[in-house]
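Colleague: Sequence:
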Amino acid sequence: MKTKDIYLKTMKFVWLKLAMGAAITLASAILLALFLLIGSLFGSGGMWVMLTLWIILTSGIYKLSMYYFGYMLKAGHVAVIATAVTTGQIPEDQFAYGKQMVTSRFAATNAYFVVDRLVSGAVHQLQKVVGKIGGALDVIPGMSTVTNILQTFIGIALGYVDECCLGYCFLQKEEGAFKTSCDGVVIYFQNIKKLLKDAAVTTLIVVVATAASWIIPFAVFGAIFRALHWNMVAAALLALMIALVVKIALIDSYMMVKMMVSYMEVAPSTEITYDLYDKLCKLSSKFKSLFNKAKEEGPIKMRTVADSIAAKADNVINS
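With the first letter of the sequence shown counted as 1, position 9 gets the number 8 in numbering that gives the first Met the number 0; the numbers rise by one all the way through.
If you are wondering where the hints come from, they were derived from the structure by calculation, not from laboratory data.
C-beta atoms are modelled at their ideal positions from N, C-alpha and C, and glycine is treated no differently.
One or more of the hints may lead you astray.
Unchecked claim - Pair by pair, the computed Cβ-Cβ distance ranges are:
| # | residue 1 | residue 2 | range |
| --- | --- | --- | --- |
| 1 | A226 | L195 | 42 to 48 Å |
| 2 | V232 | E296 | 49 to 55 Å |
| 3 | L56 | L227 | 21 to 27 Å |
| 4 | V232 | Q99 | 42 to 48 Å |
Make the full structure from the sequences, and use the hints.
Modeller: Following this line, the structure appears as C-alpha coordinates:
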(Lines of atoms letter the chains of each structure in order from A and count residues from 1; the text may use other names and numbers.)
(Lines give C-alpha, C1' and ligand atoms only; values in the text may rest on other atoms or scores of the structure.)
Protein backbone atom coordinates (compact mmCIF):
# COMPACT_ATOMS: atom_id res chain seq x y z
CA MET A 1 0.00 0.00 0.00
CA LYS A 2 1.16 3.55 -0.73
CA THR A 3 1.81 6.21 1.89
CA LYS A 4 -1.27 8.25 1.01
CA ASP A 5 -3.58 5.22 1.21
CA ILE A 6 -2.26 4.09 4.59
CA TYR A 7 -2.39 7.61 6.00
CA LEU A 8 -5.99 8.17 4.91
CA LYS A 9 -7.15 4.72 6.01
CA THR A 10 -5.61 5.11 9.48
CA MET A 11 -7.03 8.59 10.04
CA LYS A 12 -8.86 7.27 13.11
CA PHE A 13 -5.58 7.52 14.99
CA VAL A 14 -4.91 10.99 13.59
CA TRP A 15 -8.35 12.27 14.64
CA LEU A 16 -7.90 10.79 18.10
CA LYS A 17 -4.51 12.50 18.45
CA LEU A 18 -6.13 15.74 17.31
CA ALA A 19 -9.04 15.32 19.75
CA MET A 20 -6.68 14.61 22.64
CA GLY A 21 -4.59 17.65 21.79
CA ALA A 22 -7.69 19.82 21.42
CA ALA A 23 -8.98 18.68 24.83
CA ILE A 24 -5.66 19.54 26.48
CA THR A 25 -5.59 22.92 24.71
CA LEU A 26 -9.16 23.73 25.75
CA ALA A 27 -8.46 22.80 29.38
CA SER A 28 -5.27 24.87 29.27
CA ALA A 29 -7.12 27.87 27.80
CA ILE A 30 -9.71 27.74 30.59
CA LEU A 31 -6.95 27.53 33.20
CA LEU A 32 -5.10 30.40 31.52
CA ALA A 33 -8.17 32.65 31.68
CA LEU A 34 -8.72 31.74 35.32
CA PHE A 35 -5.07 32.30 36.27
CA LEU A 36 -4.86 35.63 34.45
CA LEU A 37 -8.07 36.76 36.13
CA ILE A 38 -6.62 35.94 39.54
CA GLY A 39 -3.29 37.54 38.60
CA SER A 40 -4.98 40.77 37.50
CA LEU A 41 -6.14 41.29 41.09
CA PHE A 42 -2.49 41.71 42.13
CA GLY A 43 -1.23 43.93 39.32
CA SER A 44 1.35 43.19 36.63
CA GLY A 45 3.56 41.25 39.06
CA GLY A 46 0.70 38.94 39.93
CA MET A 47 -0.05 38.40 36.25
CA TRP A 48 3.48 37.17 35.56
CA VAL A 49 3.48 34.92 38.62
CA MET A 50 0.19 33.30 37.62
CA LEU A 51 1.36 33.00 34.01
CA THR A 52 4.49 31.18 35.17
CA LEU A 53 2.41 28.83 37.34
CA TRP A 54 0.11 28.17 34.38
CA ILE A 55 3.05 27.23 32.14
CA ILE A 56 4.36 24.78 34.76
CA LEU A 57 0.93 23.23 35.34
CA THR A 58 0.11 22.99 31.63
CA SER A 59 3.47 21.38 30.86
CA GLY A 60 2.81 18.80 33.59
CA ILE A 61 -0.67 18.03 32.25
CA TYR A 62 0.68 17.65 28.70
CA LYS A 63 3.53 15.33 29.71
CA LEU A 64 1.22 13.23 31.89
CA SER A 65 -1.35 12.89 29.12
CA MET A 66 1.27 11.98 26.54
CA TYR A 67 2.89 9.46 28.90
CA TYR A 68 -0.30 7.55 29.69
CA PHE A 69 -2.23 7.99 26.45
CA GLY A 70 -0.05 9.48 23.73
CA TYR A 71 2.64 6.81 23.72
CA MET A 72 0.19 3.91 23.59
CA LEU A 73 -1.82 5.66 20.88
CA LYS A 74 1.36 6.04 18.84
CA ALA A 75 2.29 2.39 19.46
CA GLY A 76 -1.10 1.20 18.22
CA HIS A 77 -0.81 3.40 15.12
CA VAL A 78 2.69 2.05 14.41
CA ALA A 79 1.43 -1.56 14.73
CA VAL A 80 -1.42 -0.95 12.27
CA ILE A 81 0.90 0.83 9.79
CA ALA A 82 3.45 -2.00 9.95
CA THR A 83 0.71 -4.54 9.23
CA ALA A 84 -0.71 -2.45 6.38
CA VAL A 85 2.69 -2.07 4.69
CA THR A 86 3.58 -5.77 4.90
CA THR A 87 0.18 -7.33 4.21
CA GLY A 88 -1.60 -4.64 2.23
CA GLN A 89 -4.59 -4.94 4.58
CA ILE A 90 -6.00 -2.53 7.19
CA PRO A 91 -7.50 -4.26 10.27
CA GLU A 92 -11.24 -3.66 10.58
CA ASP A 93 -11.08 -2.60 14.23
CA GLN A 94 -7.86 -0.63 14.21
CA PHE A 95 -7.87 0.39 17.88
CA ALA A 96 -8.51 -3.15 19.13
CA TYR A 97 -5.90 -4.54 16.77
CA GLY A 98 -3.31 -1.96 17.82
CA LYS A 99 -3.96 -2.65 21.50
CA GLN A 100 -3.73 -6.41 20.93
CA MET A 101 -0.44 -6.04 19.05
CA VAL A 102 1.10 -3.88 21.79
CA THR A 103 0.03 -6.13 24.67
CA SER A 104 1.01 -9.36 22.90
CA ARG A 105 4.43 -8.02 21.88
CA PHE A 106 5.44 -6.23 25.06
CA ALA A 107 3.24 -8.01 27.64
CA ALA A 108 3.30 -4.93 29.89
CA THR A 109 3.03 -1.23 29.11
CA ASN A 110 6.20 -0.52 31.05
CA ALA A 111 8.17 -2.83 28.77
CA TYR A 112 7.05 -0.80 25.76
CA PHE A 113 8.07 2.45 27.46
CA VAL A 114 11.55 1.07 28.20
CA VAL A 115 12.10 -0.07 24.61
CA ASP A 116 10.70 3.14 23.14
CA ARG A 117 12.82 5.38 25.39
CA LEU A 118 16.02 3.42 24.70
CA VAL A 119 15.45 3.49 20.93
CA SER A 120 14.58 7.21 20.97
CA GLY A 121 17.59 7.99 23.16
CA ALA A 122 19.94 6.01 20.94
CA VAL A 123 18.67 7.71 17.78
CA HIS A 124 18.96 11.14 19.41
CA GLN A 125 22.59 10.50 20.36
CA LEU A 126 23.42 9.18 16.88
CA GLN A 127 21.72 12.24 15.38
CA LYS A 128 24.09 14.44 17.41
CA VAL A 129 27.05 12.51 16.01
CA VAL A 130 25.82 13.16 12.47
CA GLY A 131 25.37 16.82 13.38
CA LYS A 132 28.93 17.11 14.70
CA ILE A 133 30.30 15.64 11.49
CA GLY A 134 28.42 18.26 9.50
CA GLY A 135 29.42 20.98 11.97
CA ALA A 136 33.11 20.27 11.30
CA LEU A 137 32.62 21.85 7.86
CA ASP A 138 31.61 25.19 9.40
CA VAL A 139 35.25 26.32 9.28
CA ILE A 140 34.83 26.66 5.51
CA PRO A 141 33.49 30.17 4.67
CA GLY A 142 29.82 30.09 3.73
CA MET A 143 29.36 26.43 4.71
CA SER A 144 27.63 27.06 8.06
CA THR A 145 24.29 27.83 6.40
CA VAL A 146 24.52 24.72 4.23
CA THR A 147 25.41 22.45 7.18
CA ASN A 148 22.59 23.96 9.28
CA ILE A 149 20.09 23.14 6.54
CA LEU A 150 21.50 19.62 6.18
CA GLN A 151 21.43 19.06 9.94
CA THR A 152 17.82 20.25 10.08
CA PHE A 153 16.89 17.87 7.26
CA ILE A 154 18.71 14.94 8.88
CA GLY A 155 17.15 15.78 12.25
CA ILE A 156 13.63 15.66 10.79
CA ALA A 157 14.32 12.45 8.86
CA LEU A 158 15.90 10.70 11.85
CA GLY A 159 13.09 11.84 14.12
CA TYR A 160 10.99 8.88 12.99
CA VAL A 161 13.59 6.13 13.32
CA ASP A 162 12.12 4.93 16.62
CA GLU A 163 8.70 4.39 15.03
CA CYS A 164 10.29 2.47 12.14
CA CYS A 165 12.25 0.27 14.54
CA LEU A 166 9.20 -0.40 16.71
CA GLY A 167 7.20 -1.25 13.60
CA TYR A 168 9.88 -3.79 12.70
CA CYS A 169 9.74 -5.06 16.28
CA PHE A 170 6.01 -5.78 15.96
CA LEU A 171 6.62 -7.94 12.89
CA GLN A 172 9.54 -10.00 14.25
CA LYS A 173 7.63 -11.90 16.92
CA GLU A 174 10.03 -14.83 17.08
CA GLU A 175 12.76 -12.64 18.63
CA GLY A 176 12.80 -10.64 21.86
CA ALA A 177 11.59 -7.03 21.85
CA PHE A 178 15.00 -5.59 22.72
CA LYS A 179 16.77 -7.77 20.14
CA THR A 180 14.45 -6.79 17.28
CA SER A 181 14.50 -3.11 18.29
CA CYS A 182 18.29 -3.25 18.31
CA ASP A 183 18.27 -4.89 14.87
CA GLY A 184 15.80 -2.25 13.72
CA VAL A 185 18.19 0.59 14.52
CA VAL A 186 21.07 -1.19 12.76
CA ILE A 187 18.92 -1.87 9.68
CA TYR A 188 17.90 1.78 9.53
CA PHE A 189 21.46 3.08 9.58
CA GLN A 190 22.60 0.42 7.11
CA ASN A 191 20.00 1.76 4.66
CA ILE A 192 20.31 5.39 5.71
CA LYS A 193 21.27 6.69 2.23
CA LYS A 194 18.14 5.32 0.61
CA LEU A 195 15.90 6.31 3.51
CA LEU A 196 17.23 9.88 3.61
CA LYS A 197 16.76 10.10 -0.16
CA ASP A 198 13.16 8.93 0.17
CA ALA A 199 12.63 11.46 2.96
CA ALA A 200 14.01 14.44 1.01
CA VAL A 201 10.83 15.66 -0.71
CA THR A 202 8.60 14.73 2.21
CA THR A 203 10.85 16.61 4.63
CA LEU A 204 10.57 19.74 2.49
CA ILE A 205 6.77 19.42 2.56
CA VAL A 206 6.88 18.94 6.34
CA VAL A 207 8.98 22.10 6.79
CA VAL A 208 6.51 24.19 4.74
CA ALA A 209 3.45 22.65 6.44
CA THR A 210 4.98 23.16 9.89
CA ALA A 211 5.70 26.81 9.10
CA ALA A 212 2.08 27.27 8.03
CA SER A 213 0.78 25.53 11.17
CA TRP A 214 2.74 28.04 13.25
CA ILE A 215 2.08 31.22 11.27
CA ILE A 216 -1.71 30.85 10.95
CA PRO A 217 -2.55 30.37 14.68
CA PHE A 218 -0.17 33.16 15.69
CA ALA A 219 -1.74 35.53 13.17
CA VAL A 220 -5.32 34.66 14.18
CA PHE A 221 -4.82 34.77 17.96
CA GLY A 222 -2.60 37.83 17.69
CA ALA A 223 -5.31 39.75 15.80
CA ILE A 224 -8.09 38.67 18.21
CA PHE A 225 -6.17 39.40 21.41
CA ARG A 226 -4.90 42.74 20.08
CA ALA A 227 -8.42 43.82 19.11
CA LEU A 228 -9.73 42.92 22.57
CA HIS A 229 -6.67 44.41 24.32
CA TRP A 230 -5.88 41.09 25.99
CA ASN A 231 -2.47 39.79 27.03
CA MET A 232 -0.37 39.13 23.91
CA VAL A 233 1.85 36.65 25.75
CA ALA A 234 -1.24 34.53 26.40
CA ALA A 235 -2.11 34.77 22.70
CA ALA A 236 1.35 33.53 21.75
CA LEU A 237 1.16 30.60 24.20
CA LEU A 238 -2.25 29.46 22.99
CA ALA A 239 -1.16 29.77 19.36
CA LEU A 240 1.93 27.73 20.17
CA MET A 241 -0.16 24.96 21.74
CA ILE A 242 -2.52 24.78 18.75
CA ALA A 243 0.44 24.72 16.35
CA LEU A 244 1.98 21.81 18.27
CA VAL A 245 -1.31 19.89 18.30
CA VAL A 246 -1.73 20.28 14.52
CA LYS A 247 1.88 19.33 13.86
CA ILE A 248 1.82 16.22 16.08
CA ALA A 249 -1.56 14.97 14.91
CA LEU A 250 -1.48 15.73 11.18
CA ILE A 251 2.04 16.47 9.98
CA ASP A 252 4.03 14.09 12.17
CA SER A 253 1.59 11.26 11.49
CA TYR A 254 2.02 11.65 7.73
CA MET A 255 5.80 11.79 8.00
CA MET A 256 5.75 8.73 10.25
CA VAL A 257 3.72 6.76 7.69
CA LYS A 258 6.04 7.89 4.87
CA MET A 259 9.21 6.86 6.69
CA MET A 260 7.73 3.56 7.86
CA VAL A 261 6.66 2.67 4.30
CA SER A 262 10.20 3.35 3.03
CA TYR A 263 11.73 1.44 5.93
CA MET A 264 9.47 -1.61 5.66
CA GLU A 265 10.29 -1.90 1.96
CA VAL A 266 13.98 -2.54 2.71
CA ALA A 267 13.95 -4.08 6.22
CA PRO A 268 12.81 -7.64 5.36
CA SER A 269 15.48 -8.10 2.68
CA THR A 270 18.33 -6.41 4.58
CA GLU A 271 21.16 -8.63 5.78
CA ILE A 272 23.21 -7.00 8.52
CA THR A 273 26.57 -7.65 6.93
CA TYR A 274 28.68 -5.13 8.84
CA ASP A 275 29.55 -5.02 12.49
CA LEU A 276 27.34 -1.99 13.03
CA TYR A 277 26.36 -3.16 16.50
CA ASP A 278 29.85 -2.50 17.83
CA LYS A 279 30.18 0.80 15.96
CA LEU A 280 26.83 2.10 17.17
CA CYS A 281 27.59 0.98 20.74
CA LYS A 282 30.71 3.15 20.64
CA LEU A 283 28.75 6.12 19.30
CA SER A 284 25.73 5.87 21.62
CA SER A 285 25.51 4.83 25.27
CA LYS A 286 21.74 4.41 24.86
CA PHE A 287 22.23 1.99 21.99
CA LYS A 288 24.76 0.13 24.10
CA SER A 289 22.14 -0.17 26.87
CA LEU A 290 19.62 -1.45 24.32
CA PHE A 291 22.20 -3.92 23.00
CA ASN A 292 23.00 -5.17 26.52
CA LYS A 293 19.32 -5.76 27.23
CA ALA A 294 19.08 -7.61 23.90
CA LYS A 295 21.92 -9.91 25.00
CA GLU A 296 20.00 -10.67 28.20
CA GLU A 297 17.21 -12.11 26.01
CA GLY A 298 19.63 -14.52 24.36
CA PRO A 299 22.82 -14.71 22.28
CA ILE A 300 23.14 -12.14 19.49
CA LYS A 301 24.02 -13.60 16.10
CA MET A 302 25.71 -10.92 14.00
CA ARG A 303 26.36 -11.64 10.34
CA THR A 304 29.69 -10.48 8.98
CA VAL A 305 30.58 -9.80 5.36
CA ALA A 306 32.16 -13.25 5.16
CA ASP A 307 29.00 -14.85 6.57
CA SER A 308 26.88 -13.12 3.97
CA ILE A 309 29.14 -14.17 1.09
CA ALA A 310 29.19 -17.76 2.35
CA ALA A 311 25.39 -17.82 2.67
CA LYS A 312 24.96 -16.54 -0.86
CA ALA A 313 27.45 -19.10 -2.16
CA ASP A 314 25.51 -21.89 -0.42
CA ASN A 315 22.29 -20.66 -2.00
CA VAL A 316 23.87 -20.68 -5.45
CA ILE A 317 25.28 -24.20 -4.93
CA ASN A 318 22.00 -25.56 -3.56
CA SER A 319 19.95 -24.05 -6.36
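Colleague: Now, for every hint given, state plainly whether the structure supports it.
Modeller: Tested hints:
1. At roughly 45 Å, the beta carbons of A226 and L195 sit within the given window of 42 to 48 Å.
2. In this structure the supplied range 49 to 55 Å holds for V232 paired with E296, their Cβ-Cβ distance being about 50 Å.
3. At about 24 Å, the CB distance of L56 to L227 agrees with the hint of 21 to 27 Å.
4. Against the hinted window of 42 to 48 Å, the Cβ-Cβ separation of V232 and Q99 comes to about 45 Å, which satisfies the hint.
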